[in-house]
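Trainee: Now for the letters of each chain:
4 protein chains.
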Amino acid sequence: MSCCAVGMESRKVERLAKYERRTGWLLSAAAVLFLMVYAWPILDPGLPGGVIRACSIASAAIWIGFGADYLVRLILAPNKTRFVRDHLTDLLVLALPLLRPLRALRAATALARLGRASMTLRGQTIAYVVGGVALLGFVAAVAVLDAERGSEDANIKTFGDAAWWAATTITTVGYGDRFPTTPEGKWVGAGLMVGGIALAGTITAALASWFVEHIGSVEQAGAEAQDQIATLTAEVRALRSQLAAEQKLR
Amino acid sequence: MSCCAVGMESRKVERLAKYERRTGWLLSAAAVLFLMVYAWPILDPGLPGGVIRACSIASAAIWIGFGADYLVRLILAPNKTRFVRDHLTDLLVLALPLLRPLRALRAATALARLGRASMTLRGQTIAYVVGGVALLGFVAAVAVLDAERGSEDANIKTFGDAAWWAATTITTVGYGDRFPTTPEGKWVGAGLMVGGIALAGTITAALASWFVEHIGSVEQAGAEAQDQIATLTAEVRALRSQLAAEQKLR
Amino acid sequence: MSCCAVGMESRKVERLAKYERRTGWLLSAAAVLFLMVYAWPILDPGLPGGVIRACSIASAAIWIGFGADYLVRLILAPNKTRFVRDHLTDLLVLALPLLRPLRALRAATALARLGRASMTLRGQTIAYVVGGVALLGFVAAVAVLDAERGSEDANIKTFGDAAWWAATTITTVGYGDRFPTTPEGKWVGAGLMVGGIALAGTITAALASWFVEHIGSVEQAGAEAQDQIATLTAEVRALRSQLAAEQKLR
Amino acid sequence: MSCCAVGMESRKVERLAKYERRTGWLLSAAAVLFLMVYAWPILDPGLPGGVIRACSIASAAIWIGFGADYLVRLILAPNKTRFVRDHLTDLLVLALPLLRPLRALRAATALARLGRASMTLRGQTIAYVVGGVALLGFVAAVAVLDAERGSEDANIKTFGDAAWWAATTITTVGYGDRFPTTPEGKWVGAGLMVGGIALAGTITAALASWFVEHIGSVEQAGAEAQDQIATLTAEVRALRSQLAAEQKLR
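Residue numbers (this note's numbering), protein chains in the order written: chain G, 1 to 250; chain A, 1 to 250; chain C, 1 to 250; chain U, 1 to 250.
Incorrect hints may have been included.
No copy labels: a pair is met if it fits in one copy or bridges any two.
Straight-line distance between alpha carbons at most 20 Å, and here's what the computed DMTMM-like set of lysine to aspartate or glutamate pairs gives [as the list claims (entries may be wrong)]:
1. LYS12 / ASP161
2. LYS157 / ASP177
3. LYS80 / GLU184
4. LYS80 / ASP44
5. LYS186 / ASP153
6. LYS18 / ASP44
7. LYS157 / GLU14
8. LYS157 / GLU20
9. LYS18 / ASP161
The hints are simulated quantities; they were obtained by calculation from the structure and are not laboratory data.
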């Protein structure tokens, strides 16, 4: 590659990063708005037709906005093939109507943005996971309610049922008093179960790393080694001053 | 901030710490008492009216005591806003009647106090979690029994049912033979599920840190490095005595 | 403590260790035998009365044997109070008829004995846990069958039911198609759930420690430090030989 | 052992490794084919008799192929007893018709082969586990459908039911709306539960090792020790040049 091509590519990477920095807040806000216009008509079925129509228009507008954002980033990306491969989930969430609820999960990035400044990496990861899982639980409850309410022999008929089902699923308790019966509901459930494992796994892992750090012999061994090295350094310094003294004597 | 202000603030921090040290045992005892007067009328519905009335008076008195303690600590705190933010759960547990059972969880601090002296940090954490979770399970069983017993189509009617439900929930087994059906009971259940994940996570994490410490290459690598440093120190000492001998010779 | 007392105590500790070394195999064999005479009459209810009677006699004999072993160890122990405190579970398993099935768990020590020679500490721990949990699952299935079979509205009536229930419980899946309904069965179930969490936790922890050891920067950092120390040692050795050469020259 | 025997053995080990390298792809392909001819007749019961017969012939042929492969490797192995002991699962999967579905799991090695080149060890392990567990879930769903469809009072009658059951089992949620009722189905379920624990455990463990590596004091302590050693080395170098200067002066 010639020097000019390298320069152009690095300029492109810069432009993409600048674009993402600028539109980040906007997209997070759009995701939060999407969550609202997606959940509202499902949670309150008695809404007047006009409001429902407004919600679907807003939802479609946000979808177009996300699509435009994807295209702009694709154009700014120096390596198109790699961009498509690295952002495959973005493309799937845009293209498949079944994955529509997942668009709301982008709202989690807003959460992450708020937390980033003040916390340690572990605190941040926990906050991110807990916040993300709470969001996932809410979106899953809304999506399952949407899928199940129409079915005759469903057992999830209200948002209370759906929220309780989401809680029992995400924690892998699974009483079985409420469970999805339609194919769409079952897909939502499968996604939520994986989220539940991720929740439990991250909490456990964070705890484990805390233990490893604060307790016991690893840190102690390190401290002992540092003490030994300090002793050794003092020894060498003494040697050097001894030698210097000798040189002076002569 | 002037020097005097700093002095005042540090004196305030000291006073708060002294107050908390002094009242710690008292508050733990009050929490244990609260647990008793909270659980007793629920567990034994055949209690004479006078005893039930005495229990609710004691419960209210402890509530006032906790409230007074919160106010005193707030007054002693140098930074009011920060104190409110850092002790938000204390405030919520005081203000929301639904969170009333959580007041009993303060009894866990008594447990922690007993264990603190004699154990390693990991043993202490395990004892704290196991003790805390046992307490959580008991409180949840009592609270769910309180919530469910009034309901017609509930399936938790005795303390035995409630305790079995708590065990299946906290371990995330969730057979579904017993489960809460009222909104209050479901909130209790949701809290218990999170406790169950914390239980499993902490036990796993403690085991993992034990493995990391006692097995394998990390510790070994540290030991090898220490051996190497010891060899090196011996080398430097030999060098120094060689030099000293030379100086003597002259 | 005088020198004689110390000598007596250390001789006692030695005698206790010698006794435990000698009787270890015998007690493991007794535990395996106990497992058989405990499980057989439950698994095959059509046994002739004579065999059942022989089984209960053998069971009682083993119980007396375990009791005698506990007494001998108590007598040999230098510090009685500490021995009772450290072996509280032994005492409970001997004293409480409800904990009778747990006597069979001592058979796990035989398993551990077999594995000890050839494996790494982690492999050994996994083998011990998996073996112990398999044993726990079997004992729990037998115990729950014993508890449930007599009950009218129980849903665990055959060993197949009980084994399936044990599998769904120990893995915390908990479908709820089979579950204990009697108080004794529920106690067995609660014990098994805790075992299930221990199983999952130990497997996860072993995996985590494997990851920590084989992957990544911790080991690498150690290796780098060792390289640095080696360089430093070479430097010091060069210095020393330089000094020696100087001394020769003179 | 004489020098010739050692030579022969090492040549044998080499020949076995060469054979395994060459036939690896072929066996993976055979496993994928087996998965297809095993699953197809179960998933589509309306298949014409000819196709079903072709599938069972292909299945038998692959079985013979796997058997031949086992024999060849046994012949090439320098130590027969050790080979049989180390490849006991291979033998069991070949010999027991009940374990027939497990033959398809060898297809996971193909997956591993694809991933090996490009990823870190942790990424590789996760990909391997997730891929392997997805395969396990699919095979278990097919096997349970095969076992349950014939039974009158089964509740798993379609592949949709079976897949949903597999998802709730592998994540240990276990609603209990679908569960195996036949002994064969229950064996499949037990295997899947263990797979579910392995899934959750590996994800947790990978997360934990990531935390341990990227966060906190272990790495920092190592870095500090390295800084100390660097300081010390500089010190010793200064000493040596000081000595050299002295020698020159004379």
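Trainee: A separate judgement is required for each hint: does it hold in the structure or not?
Mentor: These are the hints, each one checked on the structure:
In this homomeric assembly, LYS12 and ASP161 never come within 20 Å of each other (Cα to Cα): the closest approach is 49 Å inside a single copy and 50 Å across copies. Proximity of LYS157 and ASP177 under a CA criterion of 20 Å is satisfied in both settings, with 13 Å inside one chain copy and 17 Å between copies. In this assembly of identical chains, LYS80 and GLU184 lie within 20 Å of each other by CA distance neither inside one copy nor across copies; the values are 33 Å within and 50 Å between. In this homomeric assembly, LYS80 and ASP44 never come within 20 Å of each other (Cα to Cα): the closest approach is 43 Å inside a single copy and 41 Å across copies.
For the homomeric pair LYS186 and ASP153, the shortest alpha-carbon distance inside one copy (14 Å) is at most 20 Å, but the shortest distance between copies (23 Å) is not. Taking CA atoms no more than 20 Å apart as the test, LYS18 paired with ASP44 passes in neither setting, with 40 Å inside one copy and 53 Å between copies. Taking the shortest Cα distances, LYS157 and GLU14 never come within 20 Å of each other, neither inside one copy (50 Å) nor across copies (56 Å). When the C-alpha separation of LYS157 and GLU20 is checked against a cutoff of 20 Å, the pair qualifies neither within a copy, at 40 Å, nor between copies, at 49 Å.
Within a single copy, LYS18 and ASP161 get their C-alpha atoms no closer than 44 Å, and across copies no closer than 48 Å, so neither meets the 20 Å cut-off.
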